[in-house]
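Undergrad: Sequence:
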Amino acid sequence: MSSSLFINCGGSRAKIEKDTYVEDLNGRGPSTFSSVSDSWGYSSSGVWVGKANATFLATDRFNLINESVPEYYKTARLSPQSLKYYGLCMRRGSYKVQLHFAEIMFSNDQTYNSLGRRVFDIYVQGNLLERDFNIAERAGGVGKPFTRQIDALQVNGSTLEIHLQWSGYLGGKEEDENELVDMDLGTNFSKKEAKRMLEIALLCTNPSPTLRPPMSSVVSMLEGKSKVQPPLGKDVNLKQEEDEERSSSSSRKLLDDLTEVKIE
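Residue numbering for the sequence shown follows the UniProt record's numbering, starting at 1 and increasing by one per position.
A couple of the hints might just be wrong.
Claimed, not checked - Computed spacing ranges between beta-carbons, pair by pair:
hint: 1; residue 1: Lys227; residue 2: Asn66; range: 18 to 28 Å
hint: 2; residue 1: Thr55; residue 2: Arg117; range: 34 to 44 Å
hint: 3; residue 1: Gly50; residue 2: Ser216; range: 15 to 25 Å
hint: 4; residue 1: Glu130; residue 2: Asp19; range: 16 to 26 Å
These are calculated hints, taken from the structure and not from any lab test.
Heads up, the beta-carbon is just placed ideally off N, CA and C, and yes, glycines get one too.
Work out the full structure: start from the sequences and follow the hints.
TA: In structure tokens:
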């Protein structure tokens, strides 16, 4: 039984102060469960659309992170849809959990490398901790470290589960949608048309394939012949994924994007 666990997500083994962070370098991604050792494991689900050779490990390729910050901010494990980390054989009791994040995937300039964001929900022991957690926003910019700490977390069994889940980012505000329009267009575009196309794009990229509209409906909506279907709520998406995961698990027996996990 263990009473502490330190993982350098997406990175090599590292000694930081008095703690040793185990490596997390498994490159496998979609629909994967990996029990790395007797003390922890992870599972990942989802696929990168149109990227057959996509990587599931990230490094600070833009050199955004200051050299003085710990190594665990400079790497991350990626997942298109769902990422879970499991602390196994944990002693029952109260734990302090620290989740360390830094936006290392997107730059802070006017190039296409800046056109992106990582937004996901955070669940700990099955309970929602953060909804629409935006790494860069919470950290105050790209390349800046941020720690989400949970004090006195009770582990009553022997497993601690941390779940990062993308269930569709629905900001719901017109200004949020307009941020997604190519900045090179300036104000020279129809906001009504842009809103329609963005809403259709959200429908087509639903994390659950069974909830995406058929191509005939997409064409009809793009042509304005039919109304754009309202996006399903996040809770519906999450329930759909849970149902699909349970169905898959029964036949295969069976983890957003985290840079480091610290459990003690």
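Undergrad: Take the C-beta atom of Lys227 and the C-beta atom of Asn66, compute their distance, and say whether it sits inside 18 to 28 Å.
TA: Given about 49 Å between the Cβ atoms, the range is violated.
Undergrad: Is 15 to 25 Å respected by the C-beta to C-beta distance linking Gly50 and Ser216?
TA: holds (21 Å)
Undergrad: So does Glu130 sit 16 to 26 Å from Asp19, Cβ to Cβ?
TA: holds (24 Å)
Undergrad: Verify the CB-CB distance for Thr55 and Arg117 against the hinted window 34 to 44 Å.
TA: Once the Cβ atoms are compared, 19 Å apart, the range 34 to 44 Å for Arg117 and Thr55 is violated.
Taken one by one, the earlier hints fail for this structure at numbers 1, 2, listed in ascending order.
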